[in-house]
Amino acid sequence: MYTAPPNSGNPPSINDDADIQASTKAVWAHLSKNEILKQYTGVLVACYSSHTLVDTIATEHPDILVTGIFEASIAATLPLLRRNNGGGGGWGIVTTGQYWESHLTSAVKEFLGQSEDAIGANKWFRGVFTTGLNAGDFHGAGVSPTTIHDRLADTTRRLLRTGGVDCVIMGCAGMAGLDQIIRKACVEEYGEESAKSVYIIDPVRAGVEVLVSMVRNRMMFLP
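In our numbering, the protein residues as written are 477 to 699.
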């Protein structure tokens, strides 16, 4: 695991595009200096966004396999959708601040190869639902556990009420360990039995699995 040093200019919490760019600049400057990437076959960028560091690493080190937890979470989600006549197949993202609603919606379209103005073209994607919190709020001292619980539960319920949701993606690495709040909301909305069929996707765990698969697939499908 790698994190840029505290004095590198890396923002403590990534909450908008300026933070994404600042983190890319800080992390890449430090990585370029210490050349740590030469030790690895694959890299996972653990920020839930369309993070420019992914493209930077891919461009500068074409021999290294790289993905972000955003991209990996979608790659893990799509095969799990139950696209049947029972009304399933839906998936969506619960995340932090308002900025991410537009950012992630556009990023989903780009990742799936849709044009930016493609309205309603993806009937499976139910949208991005925000809590109004920042990434640092989930495990910091500034926001009470009750507030975190209530905001995350309410946001999850708004997604679930779109109907037929098979997968809920935790759209922030800072949500790690909070999946039971989402699970409880699933039980309240869909009932205990139906809630058992709803996948809650931890993007970091999904990212590790997808990156391992990328390494294996390169060995399997390239000469």
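A few of these clues could be false.
To be verified - The calculated label-pair distances, taken between Cβ atoms and stated as ranges, are: (1) Arg694 <-> Asn560: 30 to 38 Å; (2) Thr535 <-> Met696: 22 to 30 Å; (3) Pro488 <-> Pro699: 42 to 50 Å; (4) Thr623 <-> Gln515: 39 to 47 Å; (5) Pro488 <-> Lys672: 35 to 43 Å; (6) Lys660 <-> Met477: 23 to 31 Å; (7) Asp493 <-> Asp655: 24 to 32 Å; (8) Pro482 <-> Met696: 38 to 46 Å; (9) Arg681 <-> Leu513: 32 to 40 Å; (10) Asp655 <-> Gly589: 28 to 36 Å; (11) Met696 <-> Leu513: 22 to 30 Å; (12) Met695 <-> Ser673: 32 to 40 Å; (13) Gly589 <-> Val684: 21 to 29 Å.
If you are wondering where the hints come from, they were derived from the structure by calculation, not from laboratory data.
Using N, Cα and C, we set each Cβ at its ideal position, and we do this for glycine too.
Against the structure, the hints come out as follows:
The hint said 30 to 38 Å for the Cβ distance between arginine 694 and asparagine 560, and at roughly 33 Å that hint holds. In this structure the hint that threonine 535 and methionine 696 lie 22 to 30 Å apart at CB holds, the actual value being about 25 Å. Roughly 45 Å separates the CB atoms of proline 488 and proline 699, a value that falls within the hinted 42 to 50 Å. Between threonine 623 and glutamine 515 the C-beta distance comes to about 41 Å, which sits within the given range of 39 to 47 Å.
For proline 488 paired with lysine 672, a C-beta distance near 37 Å keeps the hint of 35 to 43 Å intact. Restraint check, lysine 660 to methionine 477: a C-beta distance of roughly 30 Å satisfies the suggested window 23 to 31 Å. Between aspartate 493 and aspartate 655, the C-beta spacing of about 28 Å keeps the proposed range 24 to 32 Å intact. For proline 482 and methionine 696, the hinted distance range of 38 to 46 Å is satisfied, since their beta carbons lie about 41 Å from each other.
The hinted window of 32 to 40 Å between arginine 681 and leucine 513 is violated, with their beta carbons roughly 23 Å apart. Checked against the hint of 28 to 36 Å, the pair aspartate 655 and glycine 589 passes, with Cβ atoms roughly 29 Å apart. Distance hint for methionine 696 and leucine 513: a CB-CB separation of about 23 Å, consistent with the stated range 22 to 30 Å. Checking the proposed 32 to 40 Å range against methionine 695 and serine 673 shows it holds: the Cβ atoms sit about 34 Å from each other.
For the pair glycine 589 and valine 684, the supplied restraint of 21 to 29 Å holds, since their beta-carbon distance comes to about 25 Å.
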